[in-house]
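Asker: Here's the letter readout for the chains.
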Amino acid sequence: MTAVTMGKAINMGLRRALEDAAKVLVMGEDVGKLGGVFRVTDGLQKDFGEERVIDTPLAESGIIGTAVGLAMRGYRPVCEIQFDGFVFPGFDQIVSQVAKLRYRSQGRVPMPIVIRIPFGGGIGAVEHHSESPEAYFVHTAGLKVVSCSNPADAYWMIQQAIRSDDPIVFFEPKRRYHDKAEVDVEASPAPLHDARVIRPGQHCTVVCWGPMVRTSLDAATAAAEEGTELEVIDLRSLSPMDLAPVYDSVQRTGRLVVVNESPRTAGLPGEIATLVTERCFYHLEAPVLRVTGFDAPYPPARAEDSFLPDLDRVLDAVDRSLAY
Amino acid sequence: MTVDSMTASPRQGTDCVQLLTPEGERVRPPGYENVEFSADELRNFYRDFVLIRRIDTEATALQRQGELGIWASLLGQEAAQVGSARALRPDDYVFPTYREHGAAWCRGIDPIRLLGLYRGVDHGDWDPAEYNFGLYTIVIGAQCLHAAGYAMGMMRDGADGAVLAYFGDGASAQGDVNESFIWAGVFNAPVVFFCQNNQWAISVPLQRQTRTPLYKRAEGFGFPGIQVDGNDVLAVHEVTKRALQNAREGNGPALIEAVTYRMGAHTTNDDPTRYRIAGEVEEWRLKDPIERVRVYLARNGLVDQAFFDSIEEEANDLAATLRKQCLALPDPDPMRVFSEVYAESSPLLDEEREQFARYLASFEGGAQ
Ligand SMILES: Cc1ncc(C[n+]2csc(CCOP(=O)(O)OP(=O)(O)O)c2C)c(N)n1
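Taken in sequence, the protein lines are chains P and E.
Numbering of the first sequence is given in this note's numbering, commencing with residue 23 and proceeding in unit increments.
Numbering of the second sequence is given in this note's numbering, commencing with residue 298 and proceeding in unit increments.
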């Protein structure tokens, strides 16, 4: 086993999916020769040809809409949206067509499409390159939404997403693309839609996904130095959400902090808080607290450090929870 | 036509292909001198016309009586639809909008399925793969991209069919339609874009959608565009046949602009008297697609009165059956809401389904 970056792990996963099934196509802006702006598709076109790894015209609705037609023809398109903020021109095709065709046709027209979106901030980019739009998609029935947080998950989850007969919006935390870890390519991976307790602890539960997983783990390490044990859960799948481990954890810790980069209002942490309150009401020692981005457009890069939840904001929320 | 009016008006140009005039005269413009139609073909067009118009009239009446939520009439567009759809081979694939009742009919879809959709019992209960006819698409222009993608898939599979994508003059303004032109063009996909320019997008006239005649846009996307008299079934059929064949042979897409007219309201919710003048409708009534075939058949002795009578009777029977079937359509099971949301279900949705089932059951046992 060798350590690889998360970007490379996704690349390896895509490669294996392309090898395994001739119907898998990779398509998007610059995914061919360039290998994508993050090089996640590096070398794929060279090895699988321009017919399987397709540089598309620059039009997101076109990328998604033609993927719909290809899927109807039996293909399994994996679309790359170059940056989070550019998914919106394709939004209509995703929420009105991709999400609904199976339902509209009562199962006759499956939509085995994966839409890969490098998302989130923390890379010092200009506007529209740092957004966390996952809630829009989770709010749409018919879509499934996942987010990887480490190389091993990235390697397996992308393959599982491609094998799924449901459309999957696949959020890749772009600032973690360069994080390295070992990937066991022989492992039997966790089911795509399972959440995972990645650090056990007894004082407070922290739920997170994607880019906030590392932040939350760092917070847990810092808290441990002061004797507070955080139980960190990587949700992994945002739709459907596997909250069983969260209920289980909250019933032991009595406290929950949800961490996420998106603006706070109507985001996923609110949904998680409601579900946990419904199920764990008598176990809660404190209200469920949210650590999120602000209800403001993503700021200029030099202000993003104060926008994005960091270790201290997570610890602050934990302290507030413990103070009840 | 003056140069001025040519450039300022997006309407019918002088190179609009016509093979049968509104008066029922056969004409043979350059490039189409040798096009022939058998008597059977002509009779079949006529039969399609009468039956479709009857379906349309019956559906409109059913809507008025509260049996359908809404209906989008195809009145006046029969030739554009029958002419194009009858040019398809079974292995070609069609992507319709919500008004393609004539094309659906030609593909063998039972009209009760269309009524079911507009009654609100389902979203279109036919198997697209069985008829090679996609589900009706309500979002304007979206299906043109699906058509381009499907055509790309056909090309990869080595299938030698083609795709026909229907859309309207209003849709021509949508990004998706223009993006589909780009995709089809640069990938040389076998798709024929078929615009039924019926002059109106609800209340908005063609002039508010485009400054150029629509067929001329194709040139900018790198493929041929052709304008055809959309009320002339012969011209539509021939032009579509050629474009489909050309696409099947690997020569890429084409755009056909069928100049026609929506003689009725946009849908049963619409009141066209608020935005268009009666004279315009009258002018187009003289170009009725059915009437000119009828005149041609009769004048050339290709049919007798018994032919017209038997089709009339067939139409009456069809309408009566349709009405009966429509009234008998059952409402969907409330649990149908949860059906086929996902290939592999989701636990939270399963939970919602169970809660709702329990809720429904609570009325059955506990109502008294
Ligand atoms: C994206 C979108 N915007 C608006 C509508 C509402 N709408 C339904 S039909 C229509 C006009 C369409 O005109 P056209 O494309 O010319 O087709 P026609 O109805 O004339 O056949 C509009 C605006 C819609 N269905 N989809």
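Check each hint, because a few of them may be wrong.
Simulated pairs of lysine to any residue, SDA-like, Cα-Cα distance not exceeding 20 Å [as the list claims (entries may be wrong)]:
(1) E/K538 with E/R571
(2) P/K45 with E/D457
(3) E/K538 with E/A358
(4) P/K45 with E/I437
(5) P/K68 with E/R453
(6) P/K45 with E/R453
(7) P/K45 with E/A515
(8) P/K55 with P/K68
(9) P/K68 with P/A44
(10) P/K55 with E/K538
It is worth saying that the hints were derived from the structure and are not from the lab.
Note that the structure is predicted; figures quoted are calculated from it, not measured.
Asker: Each hint should be assessed against the structure and marked as holding or not.
Answerer: Going through the hints against the structure:
Restraint check for E/K538 and E/R571: the C-alpha separation of about 38 Å exceeds 20 Å, so the hint is violated. Note on P/K45 and E/D457: the hinted pairing holds, with a Cα-Cα distance of about 19 Å set against a maximum of 20 Å. This hinted pair does not check out: E/K538 and E/A358 have alpha carbons roughly 34 Å apart, beyond 20 Å. A threshold of 20 Å between alpha carbons decides the hint, and for P/K45 with E/I437 the separation of about 29 Å lies outside it, so the pair is violated.
A distance of roughly 19 Å separates the Cα atoms of P/K68 and E/R453; the hinted pair therefore holds under the 20 Å criterion. Among the hinted pairs, P/K45 with E/R453 is consistent with the structure: their alpha-carbon atoms are about 10 Å apart, no more than 20 Å. Distance hint between P/K45 and E/A515 is unfulfilled; the C-alpha atoms sit about 31 Å from each other, more than 20 Å. Taking the CA atoms of P/K55 and P/K68, the gap is near 7 Å; set against the 20 Å cutoff, the hint holds.
For the proposed pair P/K68 and P/A44, the alpha carbon gap of about 16 Å is at most 20 Å, so the pair holds. Proximity of P/K55 to E/K538 is assessed by CA-CA distance (about 39 Å); at most 20 Å being required, the pair is judged violated.
Consistency with the previously given hints fails for numbers 1, 3, 4, 7 and 10, ordered from lowest to highest.
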